[in-house]
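Work the whole structure out from these sequences, hints included.
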Amino acid sequence: MSDQGMADPGRHASWIITWFILDAVVALAPPLYWAVDGDRTSVLGLPIAALYFVSVAIFITCSIVAAYLTEADRADAG
Amino acid sequence: MLITFGAIAFFFAIIIVILQFSGIRDRGFTEYAVGGRSFDARYQAMSFLNTWYPGAMFTAFGGMAASAGVISFYVLSYSLLTVVLMYLMARPVWIWGKTFNLRTQPDLLALRFGSRHIRTIAAVVGIISGIPWLVLGMQALGTLFQHMSLGTLSFAHSVMLGVAIIALRQVWTMRMGMRGVVISDMAQGIVAYIVGSATLIGLILWMVFVRGITFDTLDQKMFSIPSIGSKEGPLYVFSLILTGAIGGWCWPYIFVRLFTADGVQSLKKSAALAVPLSLIFGVALLVFGMLGSQMPGVSAHPNDVWFIVSEQAGGLWLLGLAGVIVLAASMGHTDGNIQATGAQIANDLIGNYWHLDERQLIVIAKLGMLALTILSSWLACLELPALFSLAILAYQGIIQLAVPQFLGIFWKRGNTYGAIAGMVVGFIIAVVLELEYPGFLPWAYGLTSGTVGLLANLVIYVSMAYLLPQSREEEQRVKELFGLVKEGRPLTAPLSQRVQQSGC
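In order, the protein sequence lines correspond to chains A and B. Quick note, the first sequence lines up with residues 0 to 77 if you use numbering that gives the first Met the number 0. Quick note, the second sequence lines up with residues 0 to 503 if you use numbering that gives the first Met the number 0.
Everything labelled a hint here was simulated from the structure, so no lab data went into it. Owing to the predicted nature of the structure, the values given are computational and were not obtained by experimental measurement. Beta carbons are placed, not taken as given, at the ideal position from N, Cα and C, and that holds for glycine.
Distance windows between CB atoms, simulated:
{"#": "1", "chain 1": "A", "residue 1": "I20", "chain 2": "B", "residue 2": "D356", "range": "42 to 50 Å"}
{"#": "2", "chain 1": "A", "residue 1": "A34", "chain 2": "B", "residue 2": "K220", "range": "15 to 23 Å"}
{"#": "3", "chain 1": "B", "residue 1": "V209", "chain 2": "A", "residue 2": "C61", "range": "32 to 40 Å"}
{"#": "4", "chain 1": "A", "residue 1": "F58", "chain 2": "B", "residue 2": "A12", "range": "35 to 43 Å"}
This is the structure we're talking about:
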């Protein structure tokens with residue numbers, strides 16, 4: 000896996016950057032967490048207030064894994 | 000007590016055996032400070048987690064989930080968002096680190112801004128800000144050992160025992176430097192976050208199916224998030240997540256992880272490996288804390304939820320395992336802090352003004368680690384009522400490094416004057432506001448003092464970037480620096496020297 004002093008080839012695709020920006024938006028935008036404040040309605044066994052944070056966490060996790068898998072494939076192909 | 004302390008002793012012995020058998024190479028300061036930039040993605044991922052999540056996660060954030068509920072989930076948001084930053088920074092930071100043999104975070108700032116003084120400022124801020132957290136980490140072991148003693152040891156004696164054990168562990172940190180830290184992080188990380196997550200999930204299932212505890216039985220206040228009309232203010236959570244995500248990379252012991260990898264791809268892969276583990280661990284811990292609030296004894300001592308539920312569910316054996324998991328998480332964080340601080344003392348303070356050879360740098364780093372271990376151990380055994388407030392103050396201050404650090408990495412404009420002035424003004428604003436309005440600013444819709452400091456810092460940095468444009472030589476130097484990252488080509492020696500000349 001060593002790069003031996005070389006940068007990895009290629010830059011981030013625009014969809015990856017867009018997804019990362021959306022990560023920040025969904026995690027930080029106050030209206031989103033205001034909307035679920037105090038909501039204990041259960042969805043998939045979790046109260047909505049907690050489900051919001053878990054959904055944000057899954058969204059961010061998927062963005063990083065997808066970015067890595069895409070860029071690793073591109074590096075292998077290149 | 001034999002079972003619980005036996006489990007702790009067994010785990011400690013395993014870590015020491017691993018370190019002893021991993022060997023110590025005859026090496027230079029780069030090997031000592033950043034492990035020779037030799038670690039693959041698996042080591043990187045576990046090392047990041049073991050430094051990012053201290054043992055206090057189980058007590059402080061587990062306790063917050065048990066006492067305040069869903070608001071505690073903000074730690075999950077910022078802990079994952081910070082990995083996005085790691086992914087984006089991986090390429091420029093690693094390439095500059097490898098090309099110019101950078102060993103510390105202040106090294107990078109000195110290179111980017113062409114100033115040796117910014118190296119000193121960043122190092123002093125990092126070292127001083129880290130001490131209260133190091134002391135708090137040691138004191139947190141007091142809670143662990145008091146539970147392991149089944150309440151027979153006083154808290155003061157438990158703290159002393161914890162300090163003695165963590166101080167003993169530092170013998171290997173001093174001997175082996177970063178290589179020892181990263182190797183032990185792998186073993187400690189597996190125990191803390193993989194075994195820890197499995198244990199948390201098991202305890203959640205036990206509470207749900209054996210004890211009949213669900214979210215339906217929790218109090219309504221456990222679902223509130225500070226919003227419009229709340230005491231804290233509508234921007235409080237925003238502020239916590241923002242400063243948590245960007246502030247994490249301001250800690251020298253976190254930032255140095257970017258220099259220990261064997262390549263950019265390893266760093267990116269480590270991010271992809273760390274996030275699912277972080278997600279599972281974080282969700283399990285916070286759900287566990289919320290449900291655990293219903294267990295007998297937890298409401299009076301929410302910070303002890305991890306130990307109380309473990310003992311009730313599985314007796315002394317599970318309590319022993321719970322102690323091992325917390326110790327594993329604590330050791331990684333403390334070792335990383337002490338190692339990075341020692342390297343900074345040698346590289347960024349002493350080595351910034353006197354020419355030292357590789358061997359002298361290592362000796363000074365070891366002496367720095369020894370001094371820091373003794374100082375923090377002594378402080379941990381004292382009663383310091385203002386320690387936690389000092390730690391919060393330190394956090395609001397150190398995150399002011401974020402502006403020159405991130406803008407310096409991603410934006411060609413900006414100069415050393417704006418970087419230093421912004422940091423200093425941001426630091427002063429953050430400290431003054433935190434002293435006046437601890438926690439949050441009621442007149443700023445719940446923003447924290449550090450966030451307001453960051454805004455001022457940002458305005459100064461950007462203003463100075465336009466008011467005092469870079470000289471032609473500086474502009475060319477920075478352009479070449481960014482060119483390395485953009486083109487991803489190997490450096491020729493003359494270019495390397497020219498780009499580096501005024502920085503390091």
